[in-house]
Amino acid sequence: MPRQNRRVVITGIGPIAPPGLGIDAIWSALLEGRSGVGPCSIFDISGFRCPFVAQLPADRFDVKQVVPKSYRKATKVMSRDIELAVGAAYEAVRAAGLITKAHEPADGKVTIPADRMGCHIGAGLIAAEENELTAALATSRKADGGFDIAAWGATGMQNLTPLWMLKYLPNMLACHVTICHDCQGPSNTITCGEASALLSVGESMRVIGRGAADACLSGGAESKVNLMAILRQQFAGRLAQATASDDPARIVRPFAKDAIGGVAGEGGGILVLEAAESAEARGATALAELAGFGASQSFCADTVGADPGRDGEGIADAVRAALDDAGVKPDQVDAVVPFGCGTPALDAAEAAAIRGVFGARAAQLPLLTISTITGNCGAGFGAVAASVAVQALRTGMLPARVNGDASQGVDAAPVAARKADLKTVVVYTPSLGGQNAAIVLRRAS
Amino acid sequence: MSEPRIVVTGIGWVTGLGHSIESVWKRLLAADSGMEPTTRFDARTFPTSFAAEVKKDFDFRSFVKDPSVHATAGLNSQFALGAASQAWKQSGLDVKPPKDPRRVGLYLGAGEGVLDFDNYVATMLHAWDGATGKIDGVKWAARGLASMDRLKEIEQEPNMPLAHLAREFNCRGPAYNCLTACAASTQAIGEAFSILRRGDADVMISGGTHTMIHPLGVTGFNRLTALSERKGDPTEASRPFSVDRGGFVMGEGSGMVILETLEHAMARGATPLAEVMGYGSSCDAYRITDIQPDGRGAAVAMLAALRQAGIDPHARDAQGRPPIQYISAHGTGTKENDSIETKAVKRVFGDMARDIPMSSIKSMMGHLIAAAGSVEFITCVLAIRDGMLPPTRNLKNRDPELDLDYVPNQTRAAKVDVCLSNNFGFGGQNDALVVTRFRG
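Residue numbers (the working numbering), protein chains in the order written: chain A, 246 to 690; chain B, 78 to 517.
Hints in this document: simulated from the structure, not taken from any laboratory.
In this text, all values refer to a predicted model and were calculated from it rather than measured experimentally.
Using N, Cα and C, we set each Cβ at its ideal position, and we do this for glycine too.
Heads up, none of these hints are tricks.
Have a look at the derived ranges for each label pair, beta carbon to beta carbon:
#: 1; chain 1: A; residue 1: D569; chain 2: B; residue 2: D389; range: 30 to 40 angstroms
#: 2; chain 1: A; residue 1: D304; chain 2: B; residue 2: V215; range: 23 to 33 angstroms
#: 3; chain 1: B; residue 1: K216; chain 2: A; residue 2: S490; range: 17 to 27 angstroms
#: 4; chain 1: A; residue 1: L408; chain 2: B; residue 2: K308; range: 19 to 29 angstroms
I would like the entire structure built from these sequences, with the hints used as guidance.
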């Protein structure tokens, strides 16, 4: 087999979402159909369309408790997005049974040599922590209260810590993760909104496929639970119209006729991708095979992609490309993890894509709608979705579904968790901006 | 079956030195500087108050088919449209577009857009409660929603230049944006090259676009002490490889290239300008702020690119020349970068390193951050085309520790067939590309 196409398997998953860090917390919430949506603990966001977010509570995740003592100091220069990625990477590495530099092995021995470990982590447009920045900005005000840029340039900026900007560069997610686990192979940071995590997984797959690395930490993370991100979600037409007295568990209604929009979320995940031959050589258990990947660009009527167009053609292109890559026919697919964030226009485009690719089977092809617990966690979404797909393949279970319905001709109506014989699952994500990515996962043989 | 050869069939750029290939190239060869006092905002009291800005006579609307489609384009998207339109036109794809848009992809290294600073700060301060040291979310939302512009906000997402280019050139294939700081567009070109080699597209538009010449961009780099704070003539502030170098000078703009498989280029009768032969990428995994001090990570990336190109770094070619005849340096002009890059080049080429000319156009054009790699890649294509090496400006006081041939101050004529283009990003990404003269 040519080096370009080495087989790639997933040997560890480390998703992070409102139920917590690790697949167990997320999976049990999904099986029970629990919601991840609730009030925002950081700011009073009742001035926006939607007073709810999908947030990960502090008592379920503290990055300081996850990193080794020697790396605790570095958590001071981590934005929320970085914390999520760093936490997810530790969990993925643990789940894969890898020994990395982070374990400080006494004999210095790591499972995979540093130069054979790559890292591809999708990231969003990271918002500056509002209170920290404004405390500094507030030192430079004119008598009338307005901002005094001359004072800022002369002295005010010194109220920001020298490393301030390094919290917010998108590639700092991968930077911290590669330092923690000593990944010296190819590394990249893909910033294509909600498509970022799956594009990263796809790039890792290609990098391993062409022999440039034997394993990659791959995925994405983002928090949209901050004022700027919520504002932009509202401007992009992605937020539900709701009031504080509404039931938060009923806000996100994937593919439903009465869908009212989505919520801002936070989360993501890291997957350990390995060359099948490398995983086999170290006796690792493959959780699933990453059998195919495809990417595409949609034609966006409004250029910036806030209006996805209803035909879903771009999304279908990515799914078809991934199926081709895997050598899988549409009728061999057993389930799909969609984006399905409850935004009517985008849900309609996705449903059209599913109907387009799977034809008459679309109405019976189970969708695993997870946005009721994740909200829109942007660049992280695809990594949660991929982890959930892996878990479904491993356990032969389809999680419960809530709030959706069958009105779009796709299988999105409420249903309890149930057993299913799953061999092949498709995951896709369309981004604000029109990029689409899709992967095909196959049950480990 | 051997993997397809990948050629460059179009190039374009928008920079502080101009916005056509020939005008910018002429100024680079004249060792001309684009640095002037900052005008994008009032930077007079900032530690650094100069930059190489794209001049006001650049109007992206004169480059695109229908400006109204891009009415909301932010600066990054405007630069990208200007540069990519030049490249697209040169490739001939404007006259005869590709048959299947699904075989035309994009891989950009575009930066995040420019913050709507005045409204942003006003909103923050309006909602600020000095007594508690906290933002009032309700006040923030009211002010922010009323004052900020819907599309200006969406335009700040780093994938928006991608969306504009996809629309302008009808690209429906694989589309990516990567943002690995100063290495981003070299990495983008390398990954675009990899996608073409694998056969996942026939044509890729690739490159970068970025400006960080805005208050928080300059604040961020000033706080990191990465920018030159030199007083006096701004054209002398960027001093790569000089003993008195003190940091980089910000530039802005975009470089875009059309890459395609040789087969596709030949079938439509296009003229290859150069060939991409190798791409290498590595990660320092060292520290958040520092580069691996021995240059190991950078050397790994260069070696991987050379290996893919089938080049032995220690073997002279048939004419007795070093295997690489020009290196486009990352050469930012910070103490750390220039010294470690020099070490890394020596690590790769050993004693032959001194015979390889290596210059930094950042001395003239400034540092285009995410877009830096794209304009430096284009410089390599032009060096091959014209047999001319652009100089490193302001290299009057040699650093005794830095003993390579940095092409000081004056353009040099040289027969160039094989170039290496290096970029290293904050966060530890190292990327290198080998670009060569095209031989049919």
